[in-house]
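Once you've looked at the hints, go ahead and assemble the two chains, each given alone in its own frame, into the complex.
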Amino acid sequence: MATEIHAVRRETAAPTTGRPSMPGLVALAVLLLVLIAAPYVLYPVFVMKVLCFALFACAFNLLIGFAGLLSFGHAAFFGGAAYITAHTVKVWGLPPELGILLGTAFSATLGLAFGALAIRRQGIYFAMITLALSQMVFFMALQLKFTGGEDGIQAVPRGHLFGMIDLSQPMAMYYTVLAVFLFGFLVIWRTVHSPFGQVLKAIRENEPRAISLGYRTDHYKLMAFVLSAALAGLAGGTKAIVFQLATLTDVQWQMSGAVVLMTLLGGIGTLFGPVVGAALVVTLENYLAASNLPVPVVIGVIFVACVLLFRRGIVGEIAARFVGKRP
Amino acid sequence: MSTIFGIPPQALFGQLLLGLINGSFYALLSLGLAVIFGMLNVINFAHGALYMLGAFVAWLLLTTAGIGYWWALLLAPLVVGAFGVVLEKTLLSRLYKLDHLYGLLLTFGLALIVEGAFRHFYGVSGQPYPIPDLLRGGQNLGFMFLPNYRGWVVVASLVVCLATWYAIERTKLGAYLRAATENPVLVQAFGINVPLMITATYGFGVALAGLAGVLAAPIYQVSPLMGSNLIIVVFAVVVIGGMGSILGAVLTGYGLGLLEGLTKVFYPEASNIVVFVIMAVVLLIKPAGLFGRER
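Those protein sequences? They're chains S and P, same order as listed. Counting from 1, one number per residue, gives the positions in the first sequence under my numbering. Counting from 1001, one number per residue, gives the positions in the second sequence under my numbering.
Isolated chain P (complex conformation) (with noise of 0.2 Å):
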């Protein structure tokens, strides 16, 4: 078997692994909002801002003070997580009682800035991040070659999916958690401090789009810009998937980026507007999402 729907199979693996690289992002960035979203009601603007913050902070570590890939996949995220906090802190715990938009237009605004800041300074053009020793190189696969940092990245996104839907789903801080989502002003009055989970909660979230960015530092390059356009993709795959389930938001970012490393194959001209396309399908027959709940 040479072709498989007239297409080359190394063509169609390695769109569909590219597919899978960008479904892990869609889905470590749209595991963040909808966490955030649970707690807070706000839709994160700034979450591109603060993946590529992650991303920066990587390649400053690297070339400011020498600090590796494996120390900065742990530095980067709390460095994104401590700014969240001070955000959610100074700014957003503000807005709280008013309209939920305003957060929308805050994170805007704190994502202009940010990115503005960067692009001021380093300009817009892609600093290059290298591959970590232990991940040069590639697997022959048989019917295709993977390389082991794509690899990696695929797994390392999975796993953290993963380890945030158990912890949100099985532990009691867990359980604390959805009940402070359900019902905040019973759960304070059961004597958690519900205030401090929803700080914790906002700087876990960013502090996932910092993972993000260091994952990508290496495939993509580094880049001012590199957060902004992804964000509006994440977006719609909230939407497609609805916020209501930590799984479906994690399921629907695999499942579209497959989906757009497939139309990349098939019909390359759609493949910036697949994801839109699905969303305006999905609107049309389920409204509040595949995995969302009706209000």
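Same shape as in the complex, but just chain S (with noise of 0.2 Å):
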């Protein structure tokens, strides 16, 4: 066991230390200033779909790169919350801040039960269990009424935020998904950088050492699955307002396939590689949709071509080259 945990330590760790460090600090002050003027630049829509599934793959990485649990069904917390934020806001007629947290609210409350079943088990199983839950999520939003089965949920109102700002704009809708996305950003970076995130990456390298030190690792693993099933949701939520639109896609296993994809490329582990990797996998898409090339053959070889050649994915490369890897 312990050597297992030490493989996975060698192959994903990133330099974070318990304070935020100098590089990442910059690199953060960098983001912000691209995202801020991404707009102006590139299509508002195309970015608003990568912040989306940036913090979808920052939430997923808040499991697999801290506290080493690999879910393989976070499909069922962001399509979960899609359904729920879409159906509040378009039939109940709420805002759409209160359908977003209705949304999340729906993921942290399925990330709880889906948890407490999955922690039981640890490894491969805990990654069988999540995607066998997922299913069943998905089986539901195939056969309920209010998700609309087939079609899922069409036409939700952006409607206007606090009452005031109208989010059918292109850039107050911009601005308001770059806001939820550096809330949950910044939830996260707290979050590692905190003494739990502290703990987290303690059951990460060594298990039984933790529970030894008298940690009870199952509630700190719960935690963070909640804490993720949450963030996902919200980036489900939110994702709902921007395109209008719930659908069995977002609950599809795929859909938790193309996340571990994000997080991998981009660097498990790492807080930015989520983002580069979400960025790199969403531009890819759009890219391959007007070509004649088979989408999942594609990502299927980037899959195979990041688990042999490069495990650390492109930031944790960076890192390790540039910034130096810390022990």
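Take these hints with a grain of salt, some might be off.
From the structure, some residues in chain S lie toward chain P, with a derived Cβ separation under 10 Å [as the list claims (entries may be wrong)]:
hint	residue
1	F72
2	A118
3	G123
4	M128
5	L133
6	L261
7	V301
8	L308
FRET-style restraints, in silico, Cβ to Cβ [as the list claims (entries may be wrong)]:
hint	chain 1	residue 1	chain 2	residue 2	range
9	P	N1041	S	L213	21 to 29 Å
10	S	G93	P	L1146	53 to 61 Å
11	S	A29	P	A1189	52 to 60 Å
12	S	F46	P	T1090	33 to 41 Å
13	S	L144	P	I1007	21 to 29 Å
14	P	K1097	S	A320	12 to 20 Å
15	P	T1063	S	E285	48 to 56 Å
By construction, these hints were calculated from the structure, which means they are not laboratory data. Note that beta-carbon positions come from the ideal geometry of N, C-alpha and C, so glycine has one too.
Okay, here's the thing in structure tokens:
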């Protein structure tokens, strides 16, 4: 068991210590500037899509990168929240901020239930259990009345944020999404650098040791799972408002696979990796949709290449090369 | 007696038979997963894609070369097994020293590639595969009508499962295999070629998936997506049964197939999720699975 965990650390450990590092703060500032300027250069809807998936990937990365838990069922939280937000905003007529909040709360609750079941097993079983549970959510979305079956929930009104800001304006929507993303990102940043995050890392490195030091590791893992699920839900709910749509695509297992790929490509266990990975995968999907190439094959090849050739991911490789890897 | 619990017996036995058929495929696939996991410590996410590959090889043999069902039953598993051997030698074997999750991610990528490629070339619609002449028609058992082919699938999968169990638990080669599962380094020190055994195990496991694919071809149509949804149910079956025992994987497979069939009779809305619900219950009561060992 110990050697197994050791292997993960070798491959994924990021140079994160208790305090935010200088290069990290610089990177955050650069990211912020880029994102504020982005809608003037790029198509805003595209950047919003990237931001939603980036937050989703960051939430997923909180589990795999910092607690060492591979969830293969995060689509359930992302898509589940999308359905709840879309339904509450469209049918109940709630304002968007409340809809997103309810979606997030739904995902957090679902995360509590799934997490409590899944942490009873470890490693590969954890991945299979989360996958199976999320497939259950998929079948429910397919069969329940309010989710609209194959059609999903369409034409969700964007509405007015806090009753004032008209979100049908692209720029207003964009900066709202950016604010949501930054909120989620900073929550993760703060979590990772908090004592709680340190304990999570201890569990990832050596769980038996963490137990023997007196930590109730199951509680920590469950809390991390709920937090990750809630943030994935925040991303999903926001996505439902941006695209005015919640469909089966959001809860399918392919979505769980996509978020794994984004995180793996960008760098598991790095703060910025999932953002980079999400941007690349969304760009790639946009580009491939216009071409004749089969998308799943290309995605699959990148998957295999990542696993075989650069397991640290893009940001992980950069961090290891330029910043220097700390033990 | 015209009804059982308010259900006409025809419908009840019909669904139970369907459940038994599904259970046969769960058993064959989870058996392959368990054998592979025991040796490689890898959960083979590509298992569903390879099951689909088996069905497609049979279909291609028939449509392009005119080779029929019985030869396909032999050839398709060989092709899939050979493909598996190549995958293991070139890709999977590079990952054994790393965390097992990388094996899962690699095979996930492979599944995407195989399924995406077939989807690109053959579309998502199913291709019909005829039932072989010998097995057309059916038997009237008095309480229900049994199509010959379905009976054959149940018998064939039972025989294969039992033969695999016998080979692993009762032969000398199986003893090596079990020993290598427990302690590969020691077994290698005794002069047994463990890497070769690992490759052969993976080839055999995926050949089972290929065989299941051929058996499934005349029942479900041959389509690129036939494996991807099945494999998630099989994962749940594996979690419920635990991967400690061969016989456990087989029994759980058949049992859950039957339960799914029963659910279809009494509460059809839940038939898709009943396996997952059972998985949740088993996790609460016996986290290691019904036949699993606590580590």
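Check your understanding: Okay, which hints does this one fail, numbers in order?
Key -> Going through the list in order, the structure violates hint 15 alone and respects the others.
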